[in-house]
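S.K.: Below are the chains, spelled out letter by letter.
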Amino acid sequence: MINMVELLLPLFVGAPLLLGGLLFVVPRLSPVQPMIAMGSLLAVLGGAVTLLVLTSDGKVLAHQISLWPEGIAIAFVADAFSALILTAAALVAVISFQYMIVSGESRSPSIPALVLVLVGGVAGALLTADLFNLFVFIEVMLLPSYGLLIFLSRRSDMGASRLYVVVNLLASTLFLAGVGLIYAIQGTVNLAALAGAGDDPATAIATAVCLSAIAVKASVFPVHGWLSRTYAAASPAVAALFSGLHTKVAVYVIYRISAVIFEGDSAWMTAILVIASLTLVVGAFAALGEKDMRAILLFQMVSGIGFILVGVALFTPGAVTAGIVYMTHHMIVMGALLLVASAIEHTYGSTRLERVAGLRTREHLVTAAFVIGSLSLVGLPPFSGFVAKYALVLASADADAAIVAGLLIVVSLVVLVAMMKIWAEMFNGKRHPDVEVLAAESRIRTRNGLYDTEQVNQDEVALEAARAIEHIDPPRGIIGVEGDPHEHRGTRVPLPLIYPALILGGISVALGFGGEFLVSLAEQASAGLIDTGDYVKAVLGR
Amino acid sequence: MSLALSIGLLAAAGVFLVLQRGMIRIILGFVLLTHAVNLLIIAAGGIGRRDAPFIGTDTSMAADPLPQAFVLTAIVIAFAITVVLATLAVVGKGDDDTEADSSLELSDPEDSASEKSGDLK
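Chains A and B are the protein sequences, given in the same order. Going by this note's numbering, the first residue of the first sequence is number 1, and it counts up by one from there. Going by this note's numbering, the first residue of the second sequence is number 1, and it counts up by one from there.
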């Protein structure tokens, strides 16, 4: 059984890539396209769960590509850590793609194919045990992302897309240089063969080059600026997809490299701790200055990266466990919140706080999804955020980093303030008089596929807005409230658009109540990172 | 030594060009930067102490094939991304100035007007 699964490990990469290629020959408006894509995403999710079950007792599965001898072959490895992150990533991908199907974005040319290639690249980056191969898979993951960012963006200027490609290309080039340096010093780029090589100063510096390159991709302070600029130009559903995949894969790589090559060498870990702390503070405070829901959430993403990195920087079993729990939680909750923003933007045409207001009484499910997501992000029980933050604060205190523990709590309060800001203006605020007009204009733009600089006929917009007030009925039970200050007729978020966010929110609640389960999985994953013996043995066979 | 100098020169020129504002210059900068990194990987194979792998020569002194495989892969990837970058330089409205983008609020209109005049068209 185990041998069979080991043989199938390359399928996590191969199957989505092949199917992604095949999708280009299927007619693009055929309903088969999204179905094939969804089917194979679900298969990846199912496979990831299988891996998680098989590795949950600490077993490490490895497959040498083409069955070359160990040490020469590129190895694909699945341990509890990679299986857990792969499961979470596949979950976010499935839910985001479900949203894209409902919102009609999956009908744009070649979008299902690009999502499949993206997921194939992510699976490869999570499973490979070879640094050069990792570089290749990161590129496989980035190329479809460029397409997703550009094809689904309604911006007519390409500034954000150019910035995204340039930043990622620069980081990749730097990473490649680091890999070259490691090869020059050690004569190998097999991660397992490099275990503990960080003791040698030259190798340590070469590895640090790789880590700095990956830090750019993870949007760690001070190289975090590109994220909020570029993801803001993407379609919101794409931002949700990226939030669960791109930065988290980069963080995964930081965890893996720090654990295997440096083995928690304290000199390096102190540097990472300072950078992680700065990231979480800067991200949280930068969010306070934004006036757009999506921009606030994007800076929360930066802040979350800091929280996750605190785990690996302290490098005690408890801290690494807490970091992995936080990473899983953050992928799911950021996905939920960004999908809430997607649904709002899709319906109302904007996520600017003052333009879309008074959602609380109109959009009950959207409000519910936002409240679950934001309370979980802040870290209140019974959501998964509480488990993650509680574990992280406790672990920091145990690791004699009381300052960091205090910082985590203070920053959580700042996150709460940012979420309150969204709540106060967008959900609790007074409804903007032009909201129907805005929503109508957004519908017309979507229908005709217009760019942001193209003008819409205002008469048409007025007609559409009037039609919406007349034809879109309020849900039952709200009709006939005399003297209600809130207008209940008119535009509202279609139910299928909000279900994906609610599903992720539900998973966050489930992980909050079942915290023990998640923590035990993360404990297994962190044991594999603290003691890399099994990993090395599985890859090198000795 | 000549390899080290070439890498340094290419990297310096690449970094200089990437720091320019015009998209075409940035693309050229990346072409140079990836060349620098490719040469670095070739150098990682220890070319100073190894020979061309001809039949009949000492195989223990033959050139290391792995860095060459790395470089081959890296060239293909860099080529693909260069095409993406070049496409990005020509599509979209306006010029190829990477930062004259009012929606990103990176520069004020007066600035970008003066920059555009000096930009590649």
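Derived from the structure by calculation, the hints contain no laboratory data. C-beta: ideal position from N, C-alpha, C; glycine also. It cannot be assumed that every hint is accurate.
Unchecked claim - Covered, in the sense of this in silico footprint (three residues per stretch, anywhere, with C-beta under 8 Å from a C-beta of chain A), are these stretches of chain B: (1) 4-10; (2) 17-27; (3) 61-71; (4) 80-91.
S.K.: Would you mind marking each hint as holding or not holding in the structure?
M.R.: The hints, checked one at a time:
{"no.": "1", "hint": "4-10", "verdict": "violated (count 0)"}
{"no.": "2", "hint": "17-27", "verdict": "holds (count 3)"}
{"no.": "3", "hint": "61-71", "verdict": "holds (count 3)"}
{"no.": "4", "hint": "80-91", "verdict": "holds (count 7)"}
Hint 1 from the earlier list is the only one contradicted by this structure; the remaining hints agree with it.
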